[in-house]
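Please model the entire structure based on the sequences and the hints provided.
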Amino acid sequence: MEENQNMQDLPQNVSKEDPGIMESIGSFPVWMLKIIDVVTPDFLIKKAPPRKNKP
66 MEENQNMQDL PQNVSKEDPG IMESIGSFPV WMLKIIDVVT PDFLIKKAPP
116 RKNKP
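In this note's numbering, the protein residues as written are 66 to 120.
If you're looking for bench data, these hints aren't it; they were derived computationally from the structure.
Since this is a predicted model, take the numbers as computed values, not measurements.
Think of the CB as a built atom: it goes at the ideal place given N, C-alpha and C, for glycine as much as any other residue.
Wrong hints could be hidden among the right ones.
[As the list claims (entries may be wrong)] Computed Cβ-Cβ distance ranges for the label pairs, DEER-style:
{"#": "1", "residue 1": "S89", "residue 2": "K111", "range": "22 to 32 Å"}
{"#": "2", "residue 1": "E88", "residue 2": "I110", "range": "30 to 40 Å"}
{"#": "3", "residue 1": "P106", "residue 2": "G85", "range": "37 to 47 Å"}
{"#": "4", "residue 1": "G85", "residue 2": "N118", "range": "17 to 27 Å"}
{"#": "5", "residue 1": "D83", "residue 2": "D107", "range": "17 to 27 Å"}
The structure is reproduced here in structure tokens:
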């Protein structure tokens with residue numbers, strides 16, 4: 066019973082760590098995402114979604 070609980074805790078700990086440079090997130094390699102992040106200007110990166118107008 067304790068082994069099952071320990072196995073459930075493992076994925077939570079792994080997700081908190083940053084992925085390695087040669088790993089991938091979805092179908093994109095991490096190195097490519099880091100390059101895109103460096104090249105993209107700050108004004109193009111939106112931190113908060115725009116408000117939705119309710120009629």
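Evaluation of the provided hints:
1. S89 with K111: 22 to 32 Å: holds (24 Å)
2. E88 with I110: 30 to 40 Å: violated (22 Å)
3. P106 with G85: 37 to 47 Å: Once the Cβ atoms are compared, 27 Å apart, the range 37 to 47 Å for G85 and P106 is violated.
4. G85 with N118: 17 to 27 Å: With Cβ atoms ~43 Å apart, the hint is violated.
5. D83 with D107: 17 to 27 Å: Holds: the Cβ-Cβ distance is about 21 Å, inside 17 to 27 Å.
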